[in-house]
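> Sequence:
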Amino acid sequence: MPAEHLTPLALMTKLISFPTVSRDTNLPLVDWVESYLDSHGIAAHRVYDDTGKKAAIFAHVGPQEEGGIVLSGHTDVVPVDGQEWDTDPWTVTEKDGKYFGRGTCDMKGFDALSIWALVEAHHRGVARPLQLALSYDEEVGCLGAPPMIDRMLDILPKAGAVIVGEPSMMTAVTAHKGGLGLDTHVKGFEVHSSLMHQGVSAIMAGARLIEWANQTNAQSAAAEPSPIAAMFEPSYTTLHIGTIEGGTANNITAKDCRFSVDMRVLPDEDPDRWREIFMEQVARVEADMKAIRPETSIQVETSFWVPGLRPEEDGEAETVVRQITGDNAEHVVSYGTEAGQFQSRGYSAVICGPGSIAQAHQPNEFIEIAQFEAGAAFLEKMIGTMGTA
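Per our numbering, the sequence shown starts with residue 1, numbered consecutively.
To be clear, the hints were calculated from the coordinates, so they are not data collected in a lab. Treat each hint with caution, since some may be false.
As the list claims (entries may be wrong) - Using C-beta positions, here's what the derived DEER-type ranges look like:
| hint | residue 1 | residue 2 | range |
| --- | --- | --- | --- |
| 1 | M279 | I369 | 46 to 54 Å |
| 2 | R46 | P227 | 19 to 27 Å |
| 3 | E330 | N251 | 17 to 25 Å |
| 4 | D150 | E280 | 26 to 34 Å |
| 5 | D81 | D38 | 47 to 55 Å |
| 6 | T243 | G346 | 33 to 41 Å |
| 7 | D183 | D268 | 32 to 40 Å |
| 8 | Q215 | T87 | 31 to 39 Å |
Remember, it's a predicted structure, so these values are computed and weren't measured experimentally. The C-beta atom is built at its ideal place from N, Cα and C for all residues, glycine as well.
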């Protein structure tokens, strides 16, 4: 019995039916994708996370040689908790020229198109290899791509270009900022607030680090940007405090204060260096705390580290996308993607995918049908450029 050839819409509908929120398993989706590819004679490979409850999946079609193209996406989506949806988020609903559903835009729409393209390329017998790479845990710090990329380099011929299909309205995005997350725990010493000089308020000590972040942002904003920095809005590395908690009562110096630092680092700057700069400030504040109470401390853990995507001179991935789309404008974004992780491992990488990032993570997330069809047309043209064996 011949294998069923699903349309891009049917594939997206199936993928979205799996509620692969990052906190949950994605294995049912991976099982289905692997089975579908196998039905077409395409072997797939998995890379599990440490829990065994999540996996990345990748595959290769065409000749076993280097120089192919990778279509890269992620399988996880953000939660729908607390969001007011007009439709079932796990069912694709067509309305007003749009497909609604969690992940239609970010980024199961592109995942579906990529699976469709891989199967088409396989049956047409392309002369240039095509690879599919679907990760996990992108939404919580791009955690799943690095081990997947390592495994791909171990067992597959290295591709010449990676197209990461994050929503870009089918334009060629050639640079993005990196990301660094620092979970900070300030441990103070409790005393009655009338004797605060004998204790250490974790909140007030933490506030010194937060104020340093404010001052650093102001200084960076006032500085002359580098040529790469000038491409971005804002044109500097940003330090943001997203959450904070701590304290017991108004009249007790806070024993604990926890806050997160989210750094969006320019691609021509080193996230590790920014961590060092932050730790220098931590050391100063901690020394003052310990001078009052030696048992106090500040602990910092890295929650995520994502390299930026740097513009490439005559980059192969950019060339592939521009030749197909005809887009020669300059596009950069301030959010992070897995493109920088591919680039850091020696791949040429670019971002190009259907839909608008403005719809990502929103209630009633959607992708315009015209954008979805533009993505399909792009991949159809791409397959046409890959020749036949």
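> I want to verify a distance hint. Is the separation of the beta carbons of T243 and G346 within 33 to 41 Å?
36 Å Cβ-Cβ, so the 33 to 41 Å window holds.
> Using the beta carbons of D183 and D268, state whether their distance is inside 32 to 40 Å or not.
26 Å, violated
> Could one say that the CB atoms of D81 and D38 fall in the range 47 to 55 Å?
34 Å, violated
> Is the gap between the beta carbons of Q215 and T87 within 31 to 39 Å?
46 Å, violated
> Is the distance from the Cβ of R46 to the Cβ of P227 consistent with 19 to 27 Å?
The hinted range 19 to 27 Å is violated for R46 and P227, with Cβ atoms some 42 Å apart.
> Does the hinted range 26 to 34 Å hold for D150 and E280 at CB?
32 Å, holds
> For the range 46 to 54 Å, tell me whether the beta carbons of M279 and I369 fit it or not.
49 Å, holds
> Return holds or violated for the Cβ distance of E330 and N251 against the range 17 to 25 Å.
At roughly 56 Å between Cβ atoms, N251 and E330 fall outside 17 to 25 Å, so the hint is violated.
Hint violations for this structure: numbers 2, 3, 5, 7 and 8, all remaining hints satisfied.
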